[in-house]
Amino acid sequence: MATDLHRAVTVQGLTRSFDGRPVVDGLDLTLRAGQFTALLGHSGCGKSTLLRILAGLDREISGTVLVPRRRAVAFQAPRLMPWKKVWRNVLLGLPGKPGRAVAEKALDEVGLGHRSGAWPKTLSGGEAQRASLARALVRDPDLLLLDEPFGALDALTRLKAQRLVAELWQRRGCTVLLVTHDVDEALLLADRALVMRDGVIAYDTAVDLDRPRSPGDPALAGLRTRLLAELGVTEGEFAESATA
Amino acid sequence: MTVDHAPPSAPPDISPLPDVESLTPARAPGRVPSVPRWLRRAVGPVLLLVLWQSCSATGVLPADVLASPGTIARAAGELVGDGTLPTAMGVSLRRVAAGLLLGGVAGIALALVSGLSRLGEDLVDAPVQMLRTVPWVGLIPLFIIWLGIGEAPKVALIALGVAFHLYLNVYAGIRGVDARLVEAGESLGLGRWGLVRHVVLPGALPGAMTGLRYSLATAWLALVFGESINADAGIGFLMNQAREFFRTDVIVVCLVVYAFLGLLADALVRTLERLLLQWRPTFTGQ
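First to last, the sequence lines map onto chains U and A. Counting the first sequence from 1 gives a position; this note's numbering is that position plus 71. Counting the second sequence from 1 gives a position; this note's numbering is that position plus 710.
FYI, nobody ran anything at the bench for these hints, they're computed from the structure. Here a beta-carbon is modelled for each residue, glycine too, at the ideal position from N, C-alpha and C. Possibly wrong hints are sitting among the right ones.
To be verified - Quick list of simulated restraints, FRET-style, between CB atoms:
1) A:736 - U:303: 58 to 68 angstroms
2) A:844 - U:226: 34 to 44 angstroms
3) U:88 - A:977: 20 to 30 angstroms
4) U:226 - A:731: 49 to 59 angstroms
5) U:88 - A:986: 41 to 51 angstroms
6) U:91 - A:901: 23 to 33 angstroms
7) U:182 - A:728: 54 to 64 angstroms
8) A:819 - U:127: 48 to 58 angstroms
9) U:88 - A:901: 26 to 36 angstroms
Unchecked claim - Reference excerpt, derived from the structure (chain U facing chain A, CB under 7 angstroms, subset only):
10) 89
11) 126
12) 128
13) 132
14) 150
Said to hold, decoys possible - Sample of chain A residues lacking proximity to chain U, with all beta carbon distances greater than 10 angstroms (derived):
15) 746
16) 770
17) 898
Given these sequences and hints, build the entire structure.
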């Protein structure tokens, strides 16, 4: 049973097709419990499709998918219900009738306790994304799925949000799958980086670096080059396009 | 950086230079006491009233074409004083209320059926869209044949107008709910009923309010049509009676009452929107 306890997610031979075109094509994947994994890939490579399947939002699949019953998703857009105050958004869908205090505890955790009674329209982009994180965390998930949650944030807010996610993960110890197209973000946060290509996991590497990490760490440079190459970007090309 | 060594209190050089323009305030505020906007806007209608009154007084506008404002005000006073107008208003308001209730329930129920389920859409939407193209005023003769000339055809006419407007807007509201929010609700573990209650219905509310506003306007229109054919009570009856006796003053009073009731209904919807839609990012009223 011990091995089962360490496996949070098991995917075998997973295939998902849109109009006969397979986007996920016989994919195998195992995520260890408590591990922070980053899933990289070009847009349209199927990484968001995989995340939606793991979230249970897409059932038009063939293959085996085993995921924890308690899982939560934070999307690229916060997707708060605009007609519910922040704390009601956090509690939405929770079984039983949890009180406002439950929501406020989760909001405090993301530093948003003071906005509990606000309408979502009054939140800034970063605040809304943090509320969305609180909504995911209040479910006490065994698996937290993050679909480019920082993509729509400005650079400064993104750095703060990334640090917050790292802290929350360390405190909670849940399994995290972060879908992103940002190599630096993956290296900053993850234990393991996956590159998805042609519907399968094409590259799989551990990120063995001490935490807390800083984006400019030279130890990251080699891994960064390798991951970029797997994504089809060579450093030379990158420098060229940067100076162009 | 030589800021520190700048002369402490050298006055800035403001001597005119070529290609330099001094930008002065367009008009010194408060120098000319301007007339308040509402007062200026009131001038037009007041002038019109004065013109009307003087035309009536000089005989340019005969009383059996249009009564003077003074006569109309007197007639209104009498109608209110002897209780004729309040009674008539009560009767008309009851008709509108009954029609709104019936049409509202029918329109919203049909919209829910076709908005929330594919099967319902296939069964309900096509016939409703077909019937919608029939001008509802044209149904008056049929209603009289079916329902007689009592209260029923009037209420039915109002209900019909209300139902179509509510159906269309509530249905569009339900189908316009952001699919990404529905997905988010699903990911939070909401079941089918939870999604309807927490995501779909609140999301359809702005559409429903638009529908309510349209349907209220339609309700008044239907009331006027319904009461102008045959009525033994209500504002329409009052107007018909006045027509027999060439009482243009009473007719104008009734028209003003119709307008006033319409205005009141609109204010009601606005208040309702302010209460129910305060979460909307586009909401600007306060």
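> Does the structure break any of the earlier hints, and which numbers would those be?
Replying inline: 2, 3, 4, 8, 10, 13 and 17
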